[in-house]
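**Q** Starting from the structure of chain A, add chain B where the hints point.
2 protein chains.
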Amino acid sequence: MFQITPTSRLRPSPYYAATVAAGAKSFITYNHMLMPTGYGDPEGEYWRIINGVSQWDVAVERQVQLKGPDAGRLAQMLSPRDLSKQKTGQGKYVALCNHAGTLINDPVLLKLDDDLYWLSIADSNILFWSRAIAAERGLDVEVSEPDVSPMAIQGPKAEDVVASICGDWVRELRLFWFRRTEIEGIPVVVARSGWSKQGGFELYLMDGRKGTTLWHLVREAGRPYDIGPGNPNACERIESGLLSWGGDTDDATNPFEVRMGRFVNLDVPDDVIGIDALRRISAEGSRRHQLGAVMAGDTPIEAPFWWLPILRDGRRVGDLTNFVWSYRLKRNIGFALVSRDCAVGDGVDIAHGDLTISAELTELPFI
Amino acid sequence: MFQITPTSRLRPSPYYAATVAAGAKSFITYNHMLMPTGYGDPEGEYWRIINGVSQWDVAVERQVQLKGPDAGRLAQMLSPRDLSKQKTGQGKYVALCNHAGTLINDPVLLKLDDDLYWLSIADSNILFWSRAIAAERGLDVEVSEPDVSPMAIQGPKAEDVVASICGDWVRELRLFWFRRTEIEGIPVVVARSGWSKQGGFELYLMDGRKGTTLWHLVREAGRPYDIGPGNPNACERIESGLLSWGGDTDDATNPFEVRMGRFVNLDVPDDVIGIDALRRISAEGSRRHQLGAVMAGDTPIEAPFWWLPILRDGRRVGDLTNFVWSYRLKRNIGFALVSRDCAVGDGVDIAHGDLTISAELTELPFI
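Just so you know, the sequences run in chain order A and B.
Sequential numbering of the first sequence, starting at 2, is according to my numbering.
Sequential numbering of the second sequence, starting at 2, is according to my numbering.
Mixed in with the good hints there might be a few duds.
The list treats identical chains as one, so a pair stands whether inside a single copy or across any two.
For lysine to any residue, the following SDA-like pairs were computed, each having C-alpha atoms within a straight-line distance of at most 20 Å [claimed, not checked]:
id	residue 1	residue 2
1	Lys198	Gly69
2	Lys68	Ala253
3	Lys68	His100
4	Lys211	Gly354
5	Lys86	Arg175
6	Lys211	Asp355
7	Lys68	Asp252
8	Lys26	Cys236
9	Lys211	Phe367
10	Lys68	Ala101
11	Lys26	Phe306
12	Lys26	Arg220
Calculated from the structure, these hints are not laboratory results.
So that you can see chain A by itself, here it is in the shape it has in the complex (with noise of 0.2 Å):
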């Protein structure tokens, strides 16, 4: 862990506030923003995903908004997953690649209307690319980042805190749906998504001067649920098999590669990026596969910047690209990133600078 630096390349969160005087302790930076990961009791903040409800500064979750008549037409030819049927509410989880079908990006895609749609994006820059091909195929769309900074409310509990805030039609929203509402006169989006297995919300607050209150009033309406601040947690994530764009991924990774297939229809029209190279790989079949990976041992093991090699019978397979500490499993558990012809239940091995770790390849979901 090392400082950083202040500097203007890195814009504020609404909630930046909040979150500071919440006892924020640690950031990272994602999509050039600063996002808090943690207020000082790792262990706490997780169980209280699991049991509870979580508030988390999810703003750098920018949106990329596609505004105008060919709005639609453009959300089409950014992904391969077919959205002819995607209804005004309804969100999405897209894979976005590039000519060579090279994931690129996986936001949730929201249709706001016919004419415009909001790309809730990972950490790559989505709106320089949108722009570029809109401009390019001469269509009638602006490509834009509104004002506008998702909060996530995550566990168990998080129906009850947004049904006490929003009122009980919430709890009739599936899973990636959303409405435009008020929050005491805030405007915002709600929605049933979240970076984690647990169940939640996420309010997109589209008023970036009302972070704080936005940030006041939910925790208020979550005191008799026992909130607390929180983050998008590593290990629930990896217990729960989410991928991390740019953190599980490389710059040859394919959706097909990393669960991501059922998101792909080769179906759609021939001016879907990147569409001509992914049915060839999935008439070729991928060179890799992301497997889960449970590592020998029973107490945490630190975990370094940057993916681990991953060796069985001596020769290189691929990569261990994140793992964590399980607190459920008591296991240090990752998501390996391995040539097809490593199977479940494989023994393996991983090189961890000095040391060898002796791993088994699994399934993914962990839990």
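**A** Same frame as chain A, but now just chain B:
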């Protein structure tokens, strides 16, 4: 200052181990990597650049490589600077713009051969951008990020250090020109360049496994000149008027607004991205321009994370995009991105939280 949480979304620099061993205390993220930003003695590190020689890990300046028959065509399409006379072995500082004429990066473009170029980029994703343009236009060019990691050697004694390593031919290199060579068997490009106005060189390491070796080799060669570790220096670069893309620019900044008009040639071919918009902006005049701001008071003021509003006669006229305590001027100085009707000599107010700080607009550079 906050802790950075380790994550595999941040790739390691080949010099990482060496900079940590040299005492790196703080880092910033840039192009999904960590860059050291201090070794515990800010003022000493500053004067070392001004009076001596300083060694920087700037591996975060990633290279976007254009390779193939259409590499030169793509390079010209990406930049509104006339490249028709660029020679092999010559670098050029260029503006990259989007179709609206907005500045999206300000790299040095190195021509390594007729079919091989590197864009040595600032902190935005030009790999995706260049691939989008190349693919949409059907160009015969491969766009990649090669294993190339610059180290900068900056300051008035840098030439002596680099000459002692590479030979006296480096003394003849002109600004931004470069040569491929080897240093004790390590493949490098040696360029007269670097993000300071104190003179110096960049060694583009072409084998990431040799980072520690090259770092130590330069440190030993620099010992007679009292070399020490440093980094792109906020104070020196603001005094010298050097732009920080993404820090001093926003999503509406064109090259004319930030003193890069002389790198825009309006008579480049019509297929150069953004040239229509730039011709129109040039004819109509920009809405804003960049001036210096010298703030009242003779003690350092703590910098915020983001831009500060600038007011004249109570009306908002622009933003202070960055400022720093100048060790040479003994004033807080910064860059003002202000409306065109603001002029050198104008008195303005800067809103810094609850404070209002008087300032005078000045020419750039400061020194």
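**Q** Which hints from the list above does the structure break, by number from lowest to highest?
**A** Per hint list: 1, 9 violated.
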